[in-house]
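Taken in sequence, the protein lines are chains A and B.
Residue 487 in my numbering sits at position 487 of the first sequence, and the numbers go up by one each step.
Residue 294 in my numbering sits at position 294 of the second sequence, and the numbers go up by one each step.
Among the clues, some could well be false.
If we take Cβ atoms under 8 Å as the criterion, some of the chain B residues that face chain A in the derived model are [as the list claims (entries may be wrong)]:
hint	residue
1	Thr-31
2	Gln-35
3	Gly-39
4	Thr-58
5	Gly-73
6	Met-76
7	Phe-97
8	Thr-131
9	Met-141
10	Ile-148
11	Lys-278
12	Leu-293
13	Leu-300
In case anyone wonders, no lab produced these hints; they're calculated from the structure.
The beta carbon of each residue, even a glycine, is placed where N, CA and C say it ideally should be.
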Amino acid sequence: MNLTIILAVTVVLAVVSFFITRLNKKAGGFLTVIASLFAFVGLFLLKGSIGGEFSIFYFSFKITMVGWYFALIMVLAYSMTSFFNPFWMDKMMYPGSYNFMYLLSMAGTIGMFFAKDFITLFIFWETVVWSSTFIIQLGKSRKASYVYYVVSAIGSMATLFAIMMAYSVSGTFVISEAFAGLSGGAAIAVFFTFILSGLAKIGIFPFHVWLPAAHGNAPHTFSPVLSGGLVKMGAFIAFLSVTAFPAYEIFSGMFKVMGTPFPIYFLMALGAISIIVGTLMAIKQEDAKKLLAYSSVANGGYILIGILMLDQVGFAGGMMHLVNHAVASAAAFLAIAAVAYRTGTTKMSEMGGMIHRMPVTYIVYLVAIISMAGIPPMGGFVSKWLIFQGLADKGMLFLAAAAFFGSIGSFMYVFRPLSAVFLGQTFTRDLKKKEVGFFMMLPMLILTALSILAGVFPNTILRVITEIQASVGISPVTLAENTIVTVNGYLDAFRVFIVFGFGFTIAFVIFIVRRKSKKVELMDTYTSAEFIHTRELLHYSSKFYAPFERLYDKAPDTMKLYKKIAVKIGELGNLTESLFYGHKPEKTVFWVMITGIFVVIIGGVV
Amino acid sequence: MNVMSFVYGFLVLLGVFVFQTTLTGLNRKVTARLQKRYGARWYQQFLDIFKALRKDSTSHGWVFDFGVIMALGGIMATVIFIPVAGFEAFPGLDNIFVISYLLAVGMLGMAMSAAGSGNPWASIGVARALTNMLAYDVPLMIVIFTLIFAFDSSSLSEIAALQQGMGILGWNAFRMPLGGIVAVIALLGMLGKKPFDSFIAPTEIASGPMVEYGGKHLGFMFILHEFMTFIEVSIILSLFFGGGATIWEYMLKYAVLYTFMNIISGVMPRFKIDQAVKYFYRVPLAMAIVQGLVVIFTGLGVTLWF
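With the rest of the complex left out, here is chain B:
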């Protein structure tokens, strides 16, 4: 751990912010075209964020501010741990459990700040968000557990590297097809995309956790959302789609995966929160367990099986 690590970490944050915000902007266009609209300019997302940061804001007490800072701080720390095309600012710390639980610090901060606003819509939104998390995370964690058992490693970069050099069929999504499907469905839930977006349902619970934010707090939430998206897509990309050997490959794959998620989301209606739980605990959970048993007892998928 030296000074350079922190400098690299800071650069990673900047790069990720620019990349993901651009991608979000482009995807707003994609969504618009799906809905037969013209859509905003690709850099509209940047304008939104900087405008929010410049405006006046209101605060509902110290926990409202503290939670926002803790959320963004936790999420940024997580971004620094994400390996991008084999590069890590802090080598060796890309343990999958560390990343997925450090992500929870950010989420807890956000939940805390939202509930601290005193608005019941926010609390309802947080309750739904946590329920949603319980729904998608259990099947996903079982699949990740299977990967750790199969490859004897819980490092994101190692698992990504193991899939490279064998062409497309070397990706875990094809070696373990059921697990890959579960991961993609879980990613929809993680990103809060339709059909699993009931916790931010704007027309129903007034955007849930976001209801009281304005000005710089809202700007923080926008930035946080970009970072969180990057973390979630990157985890799935590294674990199931082979990460990327070069940074360009990584960015291309990333853009395709993220846009794919967005397109699915664009044509979906919304699940109620209990329906989402029921759904995840029927199909994806069963698939994850079957995949786990296949890998543990037959070893299929650890070695290439075709």
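If we strip away everything but chain A, and leave its shape as in the complex, we get:
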């Protein structure tokens, strides 16, 4: 398969889907399924041509292992989510533009990961940013897309600046050569500005504000793509900033923390802060989608720390966490979307007991959160295990403390939608609701199977990662048949799974041989001799962790700080406007002259 064909077909189908949706909404939705599945299969077959280089118009591409890996994850998220598209067309305000943007942004991500030079990368990157901005706008809130765009734009502009600055030294835009010859202060400036767009995209503190806004308010069918896919573009930039920009070599003479140069350690510390902030904020959300968005912030922290370690174990963990989080988070968002499809809400306090109406969706969500929380036998466990082992090897105590906090805190926040949405009392309004249809169930089941497979046979994914590690010149993680071996540990995920199955079987047998239990109604519970007949009143869902939330409810809110800054900037703008654009023209002339003189004097002095 040829990359040109994949890109061309997806872009053409994007345009076609726009017009087809005008004629028949559902057909347009199905076209996105076909196009994204085509891209997925095409990309999968592309593995054979790794190493090839070619150009289309001004764009030049190079097919690399790491690009293939990222693109596959991304298109997996797109193609699985696209199964939901046909069923949401009626609820969409502009279904035609949605489908168009959906496929266009997918084409953008594919092109970006295979870019050979920075100009190609930047153009495709911006295609994704712009098209996804317009999709987010189609959801619940217009403001969300402003937040998303502003944060993305800050990142993009900084990265563009870094690319230009690097160009002025090396004279080339080719990714592998552009950063050659940088040193000293210029290197630090380029490093931090270049990675800024990555940080903004992964949602690293203090850029994390866009995730809850955008994930929480985007159309239900786009949130899985945002969290499972687009966030990983940032990880790609982070990857480039330690490999294409050889940060460990350039900063090797600098002050080191536990063997890591300070600029890199600083970013890892930001990752650790993101884990803590994401976890604490996720715990207190009342909206299931916002909760999952904050969990993406926390998981982004793990990915950033893992990738920046650029070593044998932690790096493999970070790269593997990309897949695991993409799969788990897409599945979790899809499950919430499926519930929202039936109930029309994502607020946790307005639902309950959906397990009795939607058992399959429940299983999907359960497996997704087990993986997200890093519990065996799902994929998330293996990648977090690798990150922990990597951190323990280097003795990075504070990063590890944050990682542990996020890992155990994740039990708290992932359990909350499970308990509030799926378990507990079914609301009277929802007693007649049905499970979603097979076509919507299918992608969720595939993602669930992938989560389990990644946890039972992690080496399938890790083998690809060893090739990536070899391609960037670090020693690959040691793999035996089914086991992963690190300096300070050893994991045989398959045997863990078998033993878990063994324990489960024993428990099941004991359960079955005992007398069958009598089935009773959910309302038939112990209520301390109160008579409660309202299902809704017997469901504990809002302010789930109230005693814990109280401990940090006075903590400063980043979004409020940004809002205050925005108000101040607005006031400054008003002041300027009132001075320069008043009713009297002579006033304007006066201030322009004063400013002009002032500028001239300052210029003269400097």
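Using the hints, position chain B against chain A.
Frame of chain A; chain B shown alone:
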């Protein structure tokens, strides 16, 4: 991995069940004496479990049953991984992260089943239990992290073996005294002993997660509790008190540690859940970090320092 491993695993389960249930029975007596009561017979715990298994039960839907099975299954799998006096049914799988996260499968199953009962008391209990876990686990994991860094191993049996043969002062609890104290306090939290037992507070939230269980479900919960106790005490025993060179040494040390926990619990009042979090994030967390920094930067404790 062969058939014998599974047979050994099954025998480990049986042995652990008998041992821990007996110990629980004896400790009921100890607690009773602390409170100036006569106390139940030492085998009362067995009677309770088998009686519960024989009785009729009620079920609140499939997740209520499934969660119980998943909980007991996950916990039993974890027990099989625990090395006892150097013996492992499945050699090489006693990685500390595997054990502590596989334990979470059981806990998740239990939480799921409890919340699936539809009783708000159960959900409140689960919320408190998870908060409690966040409180004790972070300081404990930092100490465990320090151990892994110090000994370049995350295998329970290896870390236990490294402490043996040097007498009592070779135990990590004495090599790294701050870490040892943190581990013991965290063990109180893990076991749900007072002062960290607000999630099962019987008089306040009607036993929390346990509120809806009866009959065989309750029997399952009793068995699960015995296994969970064994896992938690064993982790701390292997990491900080040198495990045991022989099975008898192991059992003796285990009995002493567990009884000690019980005696502390017998004379303590109860923390509110937010007080527990505040407590763990003040004293033990600070101690764990100080211990970690000492080990990482000075190496004190890795080699014997006295």
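Hints the structure fails to honour:
When the structure is compared with the hints, numbers 1, 2, 3 and 13 turn out to be violated.
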